[in-house]
Every structure is written in C-alpha cells, then in structure tokens.
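Enquirer: In order, the protein sequences belong to chains Z and X. Heads up: take any position in the first sequence, counting from 1, add 297, and you land on my numbering. Heads up: take any position in the second sequence, counting from 1, add 552, and you land on my numbering.
A portion of the hints provided could be inaccurate.
[What the hints assert, rightly or not] Listed next, the in silico BS3-like pairs over lysine-lysine satisfying Cα-Cα at most 30 angstroms (straight line):
1) Lys789/Z - Lys748/X
2) Lys812/Z - Lys723/X
3) Lys469/Z - Lys748/X
4) Lys812/Z - Lys707/Z
5) Lys748/X - Lys593/X
6) Lys623/Z - Lys476/Z
7) Lys723/X - Lys707/Z
8) Lys679/Z - Lys624/Z
9) Lys800/Z - Lys593/X
10) Lys614/X - Lys518/Z
11) Lys807/Z - Lys723/X
12) Lys789/Z - Lys723/X
13) Lys877/X - Lys800/Z
14) Lys611/Z - Lys623/Z
15) Lys877/X - Lys707/Z
16) Lys723/X - Lys806/Z
17) Lys800/Z - Lys812/Z
18) Lys779/Z - Lys789/Z
19) Lys877/X - Lys779/Z
20) Lys779/Z - Lys679/Z
21) Lys723/X - Lys518/Z
22) Lys921/X - Lys475/Z
[Unchecked claim] Sample of chain Z residues with no beta-carbon within 12 angstroms of chain X, all distances over it, derived:
23) His371
24) Glu545
25) Glu552
26) Glu575
27) Glu770
[Stated by the list, open to error] Pulled a few chain X residues facing chain Z out of the computed Cβ check, cut under 7 angstroms:
28) Cys638
29) Val640
30) Ala683
31) Arg688
32) Lys921
33) Glu922
34) Arg923
35) Val925
36) Cys930
Quick caveat, the hints were computed from the structure, so don't treat them as lab data. Remember, predicted model here, so these are calculated numbers, not experimental data. Even for Gly, the Cβ is constructed at its ideal location relative to N, Cα and C.
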Amino acid sequence: MSREIKLRKYHAQVWDEPLLMDLSVEGQRGLLVPRAEEEIRARYGSAQDLVPASMRRRRPPDLPEVAQPQVVRHYTRLSQMTMGNDVSNDIGVGTCTMKYSPKVNEQLCSLPQMADLHPLQDESTVQGILEILYRTRDFIREISGMDEVSFQPSSGGQAVLAAASIVRAYHKARGEGKKRNQVITTIFSHPVDAACPATAGFEVVTLMPDANGYPDIEALKAALSDRTAALFVTNPEDTGLYNPRIDEFVRLVHEAGGLCFTDQANANGVLGKARAAEAGFDMCHFNLHKTFSSPHGGMGPGCGALAVREPLAKFLPVPVVAFDGKKYRLDYKRPHSIGKVRDFYGNVQVVLRTYAWIMSLGAKGLETVAETAVLNNNYLEKLLTAIPGVSISYGPGRVRLDQIRYSWEKLTAETGVTSEDIERRMTDFGIQAYWTSHHPQIIPEPFTPEPTESYSKDDIEYWAAVMREIDREARQDPDRVKSAPHNGVTGKIDESAMLFHEKCMFTYKKYKRIKQAG
Amino acid sequence: MAGAAGRRRIGLIVNPIAGMGGRVGLKGTDGLDIVARAVAKGARPEAGRRAAEALGSLAGLKDRIEVLTYPDEMGEHVVRAAGFACSVLGSIRSGQTTPEDTRRAAQDLEAAGVELLLFSGGDGTARDICAAVGDRLPVLGIPAGVKMHSAVFGISPRRAGELAALYLEGKIRGTREAEVMDIDEEAFRHERVCAKLYGYLRVPAEPRLVQGVKAGGGGGGEASALRGIALDVTSRMEPGVAYLIGPGTTTREILHVLGLSGTLLGVDVVVDRRIEAADADERVLLETVERMPARIVVSVIGGQGYLFGRGNQQLSPRVLAQVGKENVIVTATPGKIFSLRGQPLLVDTGDPDVDRMLTGYVQIVTGLKERLVYPVAC
Chain Z
298 MSREIKLRKY HAQVWDEPLL MDLSVEGQRG LLVPRAEEEI RARYGSAQDL
348 VPASMRRRRP PDLPEVAQPQ VVRHYTRLSQ MTMGNDVSND IGVGTCTMKY
398 SPKVNEQLCS LPQMADLHPL QDESTVQGIL EILYRTRDFI REISGMDEVS
448 FQPSSGGQAV LAAASIVRAY HKARGEGKKR NQVITTIFSH PVDAACPATA
498 GFEVVTLMPD ANGYPDIEAL KAALSDRTAA LFVTNPEDTG LYNPRIDEFV
548 RLVHEAGGLC FTDQANANGV LGKARAAEAG FDMCHFNLHK TFSSPHGGMG
598 PGCGALAVRE PLAKFLPVPV VAFDGKKYRL DYKRPHSIGK VRDFYGNVQV
648 VLRTYAWIMS LGAKGLETVA ETAVLNNNYL EKLLTAIPGV SISYGPGRVR
698 LDQIRYSWEK LTAETGVTSE DIERRMTDFG IQAYWTSHHP QIIPEPFTPE
748 PTESYSKDDI EYWAAVMREI DREARQDPDR VKSAPHNGVT GKIDESAMLF
798 HEKCMFTYKK YKRIKQAG
Chain X
553 MAGAAGRRRI GLIVNPIAGM GGRVGLKGTD GLDIVARAVA KGARPEAGRR
603 AAEALGSLAG LKDRIEVLTY PDEMGEHVVR AAGFACSVLG SIRSGQTTPE
653 DTRRAAQDLE AAGVELLLFS GGDGTARDIC AAVGDRLPVL GIPAGVKMHS
703 AVFGISPRRA GELAALYLEG KIRGTREAEV MDIDEEAFRH ERVCAKLYGY
753 LRVPAEPRLV QGVKAGGGGG GEASALRGIA LDVTSRMEPG VAYLIGPGTT
803 TREILHVLGL SGTLLGVDVV VDRRIEAADA DERVLLETVE RMPARIVVSV
853 IGGQGYLFGR GNQQLSPRVL AQVGKENVIV TATPGKIFSL RGQPLLVDTG
903 DPDVDRMLTG YVQIVTGLKE RLVYPVAC
C-alpha cells in the first residue's frame, strides 16, 4: 500500500432530536401566506373553491405547527446526523453503484427552465427539454444497441415491470398469451427480475449456479419449453461474475420462442465494452440514477430507461418522445402500448443529469468509467481476500467485474461475530454501513462492496483497512464488535422489530399507538 | 414461568456418551457394549464439553435464568462449572446412563415447566427426546453426536447457545418443526444407510431462515413459503388422479389446504381431494398406481437432500417405475434448498435403474407459481 493508513476516530454528532411532530406548538406557523390580490380573488374565488366539494377534508390534517427557525434547525441537525456520499466513503453500498455526482449537474437541475417546468406547459414552450430527452434516447440506443427507449419508468423496478408487461403483450398479440406463462431467471440476478414477472402474472423458474459459479446452462435447457415466455437476467450477476455463455443462453431461449431481457440497472462493468444487442437480447434497462450518476439512495428520484428492439417498440409505455425533423413532441397515440406507467415527462431531471454526464465524458470516457470501476474492484478484492475471515463463495479464483459478494462465514465460525455486527461497527470508523445481500440471502454472512470509478486508491485502501481492523478486533475483543456502534448517532438497535410487524412503526399514528401501549 | 427466584427456567440434558464413537470410527454409540468398545479405543466424552461451549453463549443471561438439569455428567457438572443457578432433578447411575435416562429427564424437565429444553447429543438423543416430549416444548440440539441427520441442531455449539439466548430474550419468537431422523447404526457400520423419519421437534426458528432481515424480503418466511407451495400443488390437482403425498411438514400443508389430516410420517393417497388411503404401505401404493393415473408429491427430507430412499421407502422402486419421473412433483421451501449449498438432491431407492431414471434436473415447487431448477443425483 502506498502510504500508512490512519483509521479515523470518528464521532457522530448526536442531537437526540425529537420527531418533528413532537416539536409542534399550536398556532405556530413557518410561513404566513399573503392574501391574494383583489383581482385574482374576484376572478378565481377562494382557494378552497378550487377543490371539488366531495374532495374537501372535513377536518384539517394533523400537521406539525412549527416556526421557520425551528424547522431549519431541525433539518440541519438531522443532516448532521446523516452519512452520505459528500461526507463519507460509501464503497460498501454495493449493487447501488454509488458514485460522485458532479455539482455542476445539480446547478443545471436548479435552473428555472428545469426546476419551474410545468407538466401541462404547451409543447412549443418545452422544446429544449424534449430535445434533451431525444438526444439522451440516442445515447442510450448507442450504448445498448437497441432501437427505441422509454424514460417513463421512475425506478429500475418499474422498468423491469414494464418489460414484463411487454413480454405479456407480445405473446398475447401472437395468440400465445395463455400458453407462454413461465419466465426464467437466475438466483444471482437482481430480485426484481423474478418479482416483476411474478407481478405481471408469470410463473417464475429460477436457475442455480453450476460448479463454476455461472448460471447452469444444462438447467436452462431442462427449463425451456413451449411455456417459456422470456428470460430475465442480470449480467454480470450479483457475484460479480459475467456469464461468458450469455449469447448461448439467449439463443436457446429464442429457439424455444421466448424473449430475452437483461437487467442493466448497474452497467458499470460493461459500459462501452459489451452491449445487450450483441448478446442477442431483445430488451434491457439502465438505472440512470446509478450508472449515469444522479444522487440516489434516499428512494428517489430515479429513472429506469427501458430500451427495446424495433419489433417491441410499439409496446413501450406512453408517451415516447418523437421528432419530425423540426419539432419535438410527446407521442401518446400508440395503440399497442402497454399504457402509462406514470404521468407526463417522467423524472426528467435524472435524464438531464445523464445527458450532462455523458456529454462531459464522451464515448471514450464512458469506457474509461467501466475500466476504472473494474480495476478498482479487482484491487479491493486483493486487499479483502488477504483478510483471514473473508472468503468468496461462488467461483473462487475467477475474475469479477464491478462488484463481489463476499462472505464473513469463516470469521463467524471462529468468533461468533456476524456480518451484521461488522456492518454496525464500521460506522465507528466514519464510513457508511455496507450492503449485505439481496434477497434471498444464500451466501452466508454476506457483504457486497462496489468501488465504482469515483473512488481513489486511498478511499479503497481505507475501506479495506477498516475491514482488516474489525477482523482483528473480532478475534481479540468480539464483544466490542457485537455491541457496536459506539460512536454513532444511535447505539445498537433491537432489529427484531424488523421481523415482527406489530413492532414496526411506519407512521406517526402507529408510533403513538405503540408508545401508549408501552 | 418464573422460578423460585423470579428466574426464567431452561432445561439442559447432556447425553454423556454421545459422539464418543465418531473419533474412533464406530459410527454412533447406541448400546452400552458399543460405549465400552469406544472407551476401549480411547474415546473421550464430547457432549459435556460442547454443552459448556453453548452455555458460554448464554453467559449474558446468567442473572436471569435458572438451568434445570439431571445429575452429574448428564448436565449438573457443566451447569455448575459454568456458574449458572442450577436445580438438579432425578437420579442416574453415573457412568452407566441409558436412553431411558434421557427420556425420563426430558419428561421431568417438561413437568418442571422449563420454557426451552437444550440437549447435547446426536440423532439418537433427539429421538429419545422426541419420544418423551413430542412437539409440546421448544427444544434445541447442541450438536455433539456422530450422526446428525436430524434438523434440530444449531450449526455449532456456540451458535446453538446464541439462538437460545435470542429466543429467551424474545428477539425470536417463532418456532419451526424440524425433522428427527436416525439411521440404523448396525446397518451403518456395515456400510448400508437406512434412515427413518421418527417425528418432529419444535425448534426456535433461526431469524435468517425466517427471513433475511436486511435483505428486504418481507416474504413472511417459512410459513408463507409452505402455504404458497401447498396452494400451487392443490390448484393444479386433476380429478381422477391419485396423489401419493409423501411424509414431512411441507407435504402436510398440502393436506391442510385440502382440509384433510393425513399422516405426518407416512404416505397418504389423495383422490378427488379425499384421502383414499392413509399411511399406505408399498402394496397399497402399488395397487393404486397400477389401477389409475398417479402423481407422487414429495419433499426433501432431512439435512442431506434426499428425495427417495430416506424416510419414504414405501415409495419403492416398483411404485416409482410405474408412476414415472414426469409425474413426480418435488416440493421444498427455498431455505431448505439453499441450505444444501449446491449439493444435488439425492435418490437411493435400492434399484440402480430407478435411481438413474430419477436423476437429471427437476423443477422444484418452492412457492406459489415459483420453481427452482435443481439437479438430482444418485
């Protein structure tokens, strides 16, 4: 390693901040809304009259009543108690493709032309943003090799669900809708690749890995039949292994009469290197907020760009952005479309950031992103596999692309310290808790870091050094690890609440009810 | 129930001779003469040391629990050495403990109101405890035997202790029914494996098996998987077809969904949603499948992934040959398959031709409209 690594003695700010609802004082206001001018009132009446009588509340909602300075302090304190990409190293949050989101792109999104855009504006007044949508569509076509793109889905999951709906529409149009009711996926594909076809009504057939850690092609052959509607797979899989026979998988499914979709939620391992089209796929999607850099991780806003080959384009959700050589427009007149998946433009600010990010990097730059991400991951692998308690379960010794699912199984067997103990302990060193695993958790004591191209060599070495330190600690003082975090915003939380729904508090109402019950 | 000093009561039974045969190659210690042979070959007691290891994981609860146990090497020694409050019941002939002592201890501890019973031993010990208390009491095995085909053991003594602590602290509340299986040791010594399913014990459910806590599952765990499997199988049942429902809790749920109660350990024949024969033997099954179209519904038995030849020998090679591979419906919860860690499902019917017929890939029903493609080997 290049220089000595000094582990931070991080200590979180602890404000012991009450809930906003508990700060409420009757009659306090953050903002006094000025009375509308006479002319406006004369023309439109009172604001209340704008709401149809049947939709008016009988009682006002139970909102907190708090003055502005208290609100500002409240949220500033909460932000001080939060770890995020701008204050800490989030290499651990694998499969999420955390990367630096250039600040200039945030400035673009705050321009009034973007921030004040109204969904009902006349098309002639929004030619600029429609042009950006159209140009970004062309970028995605080039990156995927597909023919048409929809930016309507507001998440990766929604894009996969739209793809599953397209599979259904395609077979129905060919008179095979009833018969073709199975979708095949693999156990290390993203769980949406099983969940979305299931939501769309398909039976889901899952393939397990073979002895080398790759999806078992013999199992695929055994699964194919005239009931096969489609293959939904992620590649590289969650193990970080790229299925080298992916084209053969696609060919076999096509021969059986099925469609093929590949989940490229995270395309960091293949950007500019391997296109879905060359592997033979009919559809793919990209989480623009991941690979193409939008701030994410707080449940939005996201965008799942769904790209398809020409024969499937007619099924895409409406609207699709169109250009007649002079004017851009949103095309809603598509009789074969699966319909709307959301309203208006979609999360267009994510598309704007994508456009800016691609323009700033260029084609060569996108390739460099993939190369750097893969190099970073392989460097981290060298550092982590040198730690005694760390192992790799599937296909050991094989080259991985952008991420790896590791296991602390050995450490747990020797010390009783689990992956979740380590997840809590690592925050004491000023880095974000890592991501363990997708569902179902079949690799024991898992963790899944993903050092994208944004991280420096120092960042990667620091992250590995924290893991090494906790491994050492687990052997010398396991209770120190098991009782973590020690310097965090909160101590160890009773996680059993996650298993028992009666203990879960999703709303203030339920919080009050549980508190009252003691 | 709280004990005299307001402490929670747990029970501990150590089968002092469990595991002694393993290191000296004797494949189990059922029978006193085998113990003598083991000792003569230099075997040392394992079960007490392993019980102590499990108690180590419970040290944090020392002030809050009382351990009820049997005298001397059946628990008293390790409980006292570990510094737990200890109540000793019953009496034994030290140095000459028998399966009868294990059964009596389990009954006495149940009567004394323990809320969890830990035992250190192997499959034979699990059978004795199952015979004594059935599923009336949560039980957890500390692995200490030579044979551990049963699914009632923690993965290590330490992990068993941790699981017990989580259960006592109320952090896990669910229990699952886990198979108690054993093989005939005499046959095993002669390289023949003949495993039987003896019953089920109620075991605290490992939270990870219930649901991947951090994995965002929200799937409702094993119970919901079982329900989904049963709904899938029953929704596809055809009239006039005999369904041979194999043993186990997975297949029992199928009968529940149909509103039937069959036998947990036997094979029941269901036709048109009615039980035509309960706990059928090979003769009845053969007669049925020769008379009418039939499907066999089985689950994976025990921890080794056996489909046929362990615990369901009634489904004999002749029955299987008649029904055919295409009419075998395999069911299992995803958790059960993942616990095999990639090892194929196994068949050992006693007929190599039938075994070969059953090998290849099978689509296991793992939930409602969910399948897992998995290899079967022999």
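Enquirer: Is the straight-line distance between the alpha-carbon of Lys877/X and that of Lys800/Z 30 angstroms or less?
Expert: Cα-Cα ~47 angstroms, so violated.
Enquirer: Mind checking the CB of Arg923/X against every CB in chain Z and telling me if the closest is under 7 angstroms?
Expert: Nearest chain Z Cβ about 4 angstroms off; hint holds.
Enquirer: Confirm or reject the statement that Glu552/Z sits farther than 12 angstroms, beta carbon to beta carbon, from all of chain X.
Expert: It holds; Glu552/Z is separated from chain X by about 18 angstroms at its closest Cβ, greater than 12 angstroms.
Enquirer: Quick one, are Lys800/Z and Lys593/X close enough, alpha carbons at most 30 angstroms?
Expert: Judged against 30 angstroms, a Cα distance of about 55 angstroms means the pair is violated.
Enquirer: Examine each Cβ of chain X, and state whether all of them lie more than 12 angstroms from the Cβ of Glu770/Z.
Expert: holds (18 angstroms)
Enquirer: Hint check: Lys877/X vs Lys707/Z, CA-CA at most 30 angstroms. Holds or violated?
Expert: violated (39 angstroms)
Enquirer: Does Glu545/Z really sit off the interface, with its C-beta more than 12 angstroms from all C-beta atoms of chain X?
Expert: holds (17 angstroms)
Enquirer: Hint validation: Cys930/X versus chain Z, beta carbon distance must be below 7 angstroms. Holds or violated?
Expert: Check failed: Cβ of Cys930/X comes no nearer than 17 angstroms to chain Z, outside 7 angstroms.
Enquirer: Quick one, are Lys800/Z and Lys812/Z close enough, alpha carbons at most 30 angstroms?
Expert: holds (10 angstroms)
Enquirer: Need the status of pair Lys611/Z, Lys623/Z: alpha-carbon distance at most 30 angstroms?
Expert: Given pair Lys611/Z, Lys623/Z holds - Cα atoms ~23 angstroms apart, limit 30 angstroms.
Enquirer: For the restraint on Glu922/X, tell me whether the closest CB of chain Z is nearer than 7 angstroms.
Expert: Because about 5 angstroms separates Glu922/X from the closest Cβ in chain Z, which is inside the 7 angstroms limit, the hint holds.
Enquirer: Check whether the Cα positions of Lys679/Z and Lys624/Z lie no farther apart than 30 angstroms.
Expert: Between Lys679/Z and Lys624/Z the Cα gap is close to 53 angstroms, so the pair fails against 30 angstroms, i.e. violated.
Of the numbered hints listed earlier, those contradicted by the structure are 1, 3, 4, 6, 8, 9, 10, 13, 15, 19, 21, 28, 29, 30, 31, 36.
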